[in-house]
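> We have chain A already, so just place chain B on it with the hints.
There are 2 protein chains.
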Amino acid sequence: MSGNGSPTLPLTPATNFVVESSSGLIIPETRDGFYGYTDEKSLQQMEEQKWAQRRASDVAHPQADSTLSNSFKLSSIREALQIQTTEELHPSPFSDDEDKEQVSDAQHHMDAMMTPELARVVQSFQKCLELRDKYITKSLQRLGDNPRDHDGVFHGVTEGLADVSGVKPDVNQSSAASANSPHEPWVIYPPPPPPHWHFTAKETVISADGRLTPDNEFDFSQCQIPSNHEWVFEIDDKGVYQVYTNADAGTKKPLFDIPTIREYFVDLDYVLGVISDGPAKSMAYRRLKYLASKFEMYSLLNESQELADMKSVPHRDFYNVRKVDTHVHLASCMNQKHLLRFIKSKMKRSPHDVVIFRDGTDLTLEQVFQSLKLSAYDLSINTLDMHAHQDSFHRFDKFNLKYNPIGESRLREIFLKIDNKIDGRYFAEITREVMNDVEQSKYQNCEWRVSIYGRSVDEWDKLAKWIIKNELFSHNVRWLIQVPRLYQVYKETGAIDTFEEIVINVFRPLFEVTKDPQSHPELHVFLQRVVGFDSVDDESKAERRFHRKFPFPRLWDSQQNPPFSYWMYYMYANTASLNHWRKARGFNTFVFRPHAGEAGDTDHLTAAFLTSHSISHGILLRKVPALQYLFYLKQIGLAMSPLSNNALFLTYERNPLPDFFKVGLNVSLSTDDPLQFHFTKEPLLEEYSVAAHIYKLPQSSLAELARNSVIQSGFEMEIKRHWLGQEWYLPGAAGNDIHKTNVPNLRLAYRHRTLLEELAMIRKQHSA
Amino acid sequence: MSGNGSPTLPLTPATNFVVESSSGLIIPETRDGFYGYTDEKSLQQMEEQKWAQRRASDVAHPQADSTLSNSFKLSSIREALQIQTTEELHPSPFSDDEDKEQVSDAQHHMDAMMTPELARVVQSFQKCLELRDKYITKSLQRLGDNPRDHDGVFHGVTEGLADVSGVKPDVNQSSAASANSPHEPWVIYPPPPPPHWHFTAKETVISADGRLTPDNEFDFSQCQIPSNHEWVFEIDDKGVYQVYTNADAGTKKPLFDIPTIREYFVDLDYVLGVISDGPAKSMAYRRLKYLASKFEMYSLLNESQELADMKSVPHRDFYNVRKVDTHVHLASCMNQKHLLRFIKSKMKRSPHDVVIFRDGTDLTLEQVFQSLKLSAYDLSINTLDMHAHQDSFHRFDKFNLKYNPIGESRLREIFLKIDNKIDGRYFAEITREVMNDVEQSKYQNCEWRVSIYGRSVDEWDKLAKWIIKNELFSHNVRWLIQVPRLYQVYKETGAIDTFEEIVINVFRPLFEVTKDPQSHPELHVFLQRVVGFDSVDDESKAERRFHRKFPFPRLWDSQQNPPFSYWMYYMYANTASLNHWRKARGFNTFVFRPHAGEAGDTDHLTAAFLTSHSISHGILLRKVPALQYLFYLKQIGLAMSPLSNNALFLTYERNPLPDFFKVGLNVSLSTDDPLQFHFTKEPLLEEYSVAAHIYKLPQSSLAELARNSVIQSGFEMEIKRHWLGQEWYLPGAAGNDIHKTNVPNLRLAYRHRTLLEELAMIRKQHSA
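These protein sequence lines map, in sequence, to chains A and B.
First residue of the first sequence: -2, per my numbering; consecutive thereafter.
First residue of the second sequence: -2, per my numbering; consecutive thereafter.
Everything labelled a hint here was simulated from the structure, so no lab data went into it.
The C-beta atom is built at its ideal place from N, Cα and C for all residues, glycine as well.
Do not take every clue at face value.
Calculated cross-link-like contacts (lysine-lysine; reagent style DSSO-like; alpha-carbon spacing at most 30 Å) [what the hints assert, rightly or not]:
1) Lys395/A <-> Lys235/A
2) Lys414/A <-> Lys343/A
3) Lys678/A <-> Lys538/B
4) Lys341/B <-> Lys693/A
5) Lys693/B <-> Lys395/A
6) Lys343/A <-> Lys678/B
7) Lys538/B <-> Lys395/B
8) Lys693/B <-> Lys341/A
9) Lys341/A <-> Lys439/A
10) Lys538/B <-> Lys693/A
11) Lys235/A <-> Lys546/A
Computed footprint of chain A on chain B; a stretch qualifies when at least three of its residues, placed anywhere within it, have a C-beta under 8 Å from a C-beta of chain A [to be verified]:
12) 308 to 322
13) 365 to 375
14) 679 to 692
Chain A with its partners taken away, still in its complex shape (with noise of 0.2 Å):
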């Protein structure tokens, strides 16, 4: 375990501790040696380099130049500190001389306060961080994990990580690979990106191959489609598929080393128990208590300093930073006006297109708008009646009716399905209208959630081929695929037996486009935009409680719906295995960003905190403070719409938006649903300024919540290095580019000494 020195040395995951969160940032190690740059002492010099470099090219500003050296005006907080409290009693945090001495000091101030108990707590906190990392890493949901990351200057913080699943990368990619880092001798794996990873910041379209068709358009017979691979898969017994080389196809000895459910089920149940304990509770609680306050401490001694670096920076400013829409569905991504201007516009102009099968004939929109008594003239908002305001509160049941255009399920069909008599025509022209908006207003960016359901295996390419055919490619959207937790209503119209057949229908074609992209070549084509998976119902449904006596997936045949945390398993072990054989591909890899805690118990957010990437909501962890606080210490991202809670859960002024944010939680804005939550044309500004108004966010704020926004989405790193900075990945003021982000380096500098206090004192606890 002396890292520095011998990079190269195996390691297995599951007994080391990972540096990294989830999120894309890399969380500094504060033992020594471990990964290259990542321990503590490099992470210093590397960010007293950047802050040279920044000073350097800031002379222009003397102003703000002068604050820089200043330690980040820390040396005040510490006078204000004091001010209030002797030094004895609560030595400062903060230090204006060494980071060494710093993290000491805090340490001090932990051990004095450290009583058995609380040892204990820390000790059972630092376990549950090490279960995230055991199956965050088994999964390959971390920064460098997904190819697609190494974008020929980034060269990942992976090293090692080869030998987990003893695969070696693909053989004609591996010579360039090495041909192409001599220099970085820790980076063994995975190889630089192959031609077909190109995504670049300044086209709005491109060809699946990476080259641009001469007119800059996407061209699908363009589109280089991989052939076949050696290796074979198989759904094993307890519903995980799993990846054979050909000689081991016959021993069913799986390639890749993925967590089982029982194991799954003993960890989860230990975070419960942890996350339930007095002591924890109270001891998290008051950790996030100081950091809130000491959050307000930083903002009032450092509000006009903030502003005056803001400033310095030219042009920057709330408009023109990039923000990423980290939650968004496709259905209902356009505003209800926009909606209702396109039914009209297609009635007037398309009345005779023939629209939908119903009662044994074909019916025209025409027909269809006479059987409903309507014409364009009529309709309305208030007809139309797609908005949750009043009616919704507590009701996500009647929310979901709100899909329905005027109530009736046929105009859903007509105007938001992908998969009925006109082949999602409709909706694939008001899809490219919202696209068209977005890629206008230019810094505003989504990540749709389109659904797979799981009901029949031929969804994805019905789906993929919805998406070619109709060239539903932007510079500005990424998709993520939601899969509906409706088992038990396939289960009741007998569309499936057993909730093996969901796995299969949703994972046995992205297996078998893996193998073989020839076999599903659009699917393969549609895949390289989709950056991950969530997982969507109604989580204030009654759960019925087994116990953890859980049949496995082909035995699953009851009416009753999985609970969540099963779900939440299937879909992880699912997607572990796939992303291991498609990073031995050299394709890009996907991570689990489910809907958790805007309802329901605390076990969803729990088992959300071992699997995922990152969730939506989590607006329950508000009565969850111990699972908040480990929330805090992954910097696990979190995609809040509050206008959303404020129509279906919560009030907005109740929203623990600004407390999590306070606190240093990984906090993003998402809209949710535009179509049915929000008034005007820019859903994601609306958001934004009513957070503004109401929480009362100044500019550097919002800032870094647009910022926290596109860490957090699944934009390729290219991207990412032309929105936020060339190293947006180091933690704190080292990762910031103040020109691309306008968040002030001030305010980053403390997030992160401030987080690795409390890492610092988490692991001094542990080791000791």
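Just chain B now, with coordinates in the frame of chain A:
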């Protein structure tokens, strides 16, 4: 007083109860026979007739229809009330039988609870209402007082008013008047609109004489400017302009009866006494609580019916009901992004424009920015620094500085001033751009406030020439003149000696142009688009108390600014005098719509209660229940701006707007300063959106707020007719056209009956 039979009986308003509210809505009198169709009985008939028509036209919607015939579903409210209380204790205020019975029902209830103390309180309220009537009547601020109200269809409710002033209508117009209305004998004055009042709802630009120029553009040379009038005017020794006939000029017997400042302060004192009286406060508080609860009950029982009614209306919805931004300042009518873009484009395209004279030299735009050490690229929202969120709370002084881009008064002078080196050309250009945006949105309209400071007597001409030269006319825009209360500033700089000079500078040009429009032809044309006056400044400044021994304006030479109430009087009295003359000439009159109750003392709101058509803000009414109750009874318009308050005086969730709305106050939503407060391209929609989200307002309430905004506004009769319905000025459902307003009839019927009951209670006690 047996009105019905003798409609031409002269009445002096000071002793007669006036039945309209200055807001433009007629509040019907419950006493018998006063004005032709505004007595209770004929109003009921009209309402019933209206409903019968609606019912006939609604046969296509049987569901809605069945409810309408069900007496607005009020029987179910009665049932609900009966469940909770016994009929004896709380006789239901509703009845599905007869209105007559219903009102007496309510009165019985009031009678039962009426103690001698309450009777005295009610009588004092009645006296306050009559005082307001006196002031509003004497200043011609009621609906129908403005010649422009008379569009050939509406013939007014102002019978008998000719006798107030002793003025006869212009000779050349009175014959047309009587010829026009042979069947409405009670309309003897004013005449139908002369030809140059032709404002239509269709054209965006109208020539001042009402004739459209060939290309539908404004052409000043085509405007007809009336000639000199024989009357003369002079400021009296109490600081009020008086008008005399030529014959009376020697005797100094004024033509018009304007309340003196002494009378005003006596009346003001009376109202102040009433609203600070313990029992009055307590009773009003209880009535307000009762009204709010009643509305909640109404909402819970009728929300689905309201929604059904709204859905049955074709086409109309929140987006295409007309909204007026009833309170927005010209210098901040654009959002920050717009101003930034404008400044950048000027720096790029016109760097060599000579824009300012400073320190003895003319400077080009380029030189100005060189002196600021800024390039076009450097500029951002942050450097502009005009948003007021963080540092302006309870700092109105700081807020005022936010009008300076980059904190530089020279940029404000170049870009946001009319009277500068470039004759306000830049300001006109950006104003035109905002006008274009508003016109494009079609359903959004503004009333912009532009300053006359009263520092010099040529301000009016400069402003009018600026407007005319730059053709700043738009169908979607009307103007208000705001007079900042800055006496002490001009006094200090020596610009003026006494307060009288401000009165002269503000009002003399107006009297000149009314006497002889050809003396200021541009001003005459501009004034046709001006709907009223405003009075603005930081209300939270401390005011010196003079114990009502105020010197007259010509003697006011102290360094102290006169108090708010004193300013109010002089704005009021001079406007009143001016209005009488303008009306006599057939020119449009002005209403007084000051800022009041944003901060400061209770006497601000009390002075506004007496003198003002409507007000901006009024948030402090929440602390003065008796005054709030009086504002309710008189339906005085409140143009509220909760996002502005949120940045300056009161956080959003504590804003009383939702409570006021429940009670039934005449509330509208406005932006105040989009430049300082709003984020999106559609500031008025942003204002509605945040209110909808945070206050959880349903579509019906948004529509009611929008309707209120139109009613409060100064848009012309013909336009309001087009926007709200042919007889929009009738109270309750009778005045509503849901096909235009999208407000359910149910809602307005509820509002109206509730108001009737409150008025009935007060009047019964008064006459008892």
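> Now tell me if each hint is right for this structure.
Hint-by-hint comparison with the structure:
no.: 1; hint: Lys395/A <-> Lys235/A; result: violated (36 Å)
no.: 2; hint: Lys414/A <-> Lys343/A; result: holds (16 Å)
no.: 3; hint: Lys678/A <-> Lys538/B; result: violated (40 Å)
no.: 4; hint: Lys341/B <-> Lys693/A; result: holds (28 Å)
no.: 5; hint: Lys693/B <-> Lys395/A; result: holds (17 Å)
no.: 6; hint: Lys343/A <-> Lys678/B; result: holds (27 Å)
no.: 7; hint: Lys538/B <-> Lys395/B; result: holds (13 Å)
no.: 8; hint: Lys693/B <-> Lys341/A; result: holds (28 Å)
no.: 9; hint: Lys341/A <-> Lys439/A; result: holds (28 Å)
no.: 10; hint: Lys538/B <-> Lys693/A; result: holds (25 Å)
no.: 11; hint: Lys235/A <-> Lys546/A; result: holds (13 Å)
no.: 12; hint: 308 to 322; result: holds (count 9)
no.: 13; hint: 365 to 375; result: holds (count 3)
no.: 14; hint: 679 to 692; result: holds (count 9)
The structure is inconsistent with the numbered hints 1 and 3, although it conforms to all the rest.
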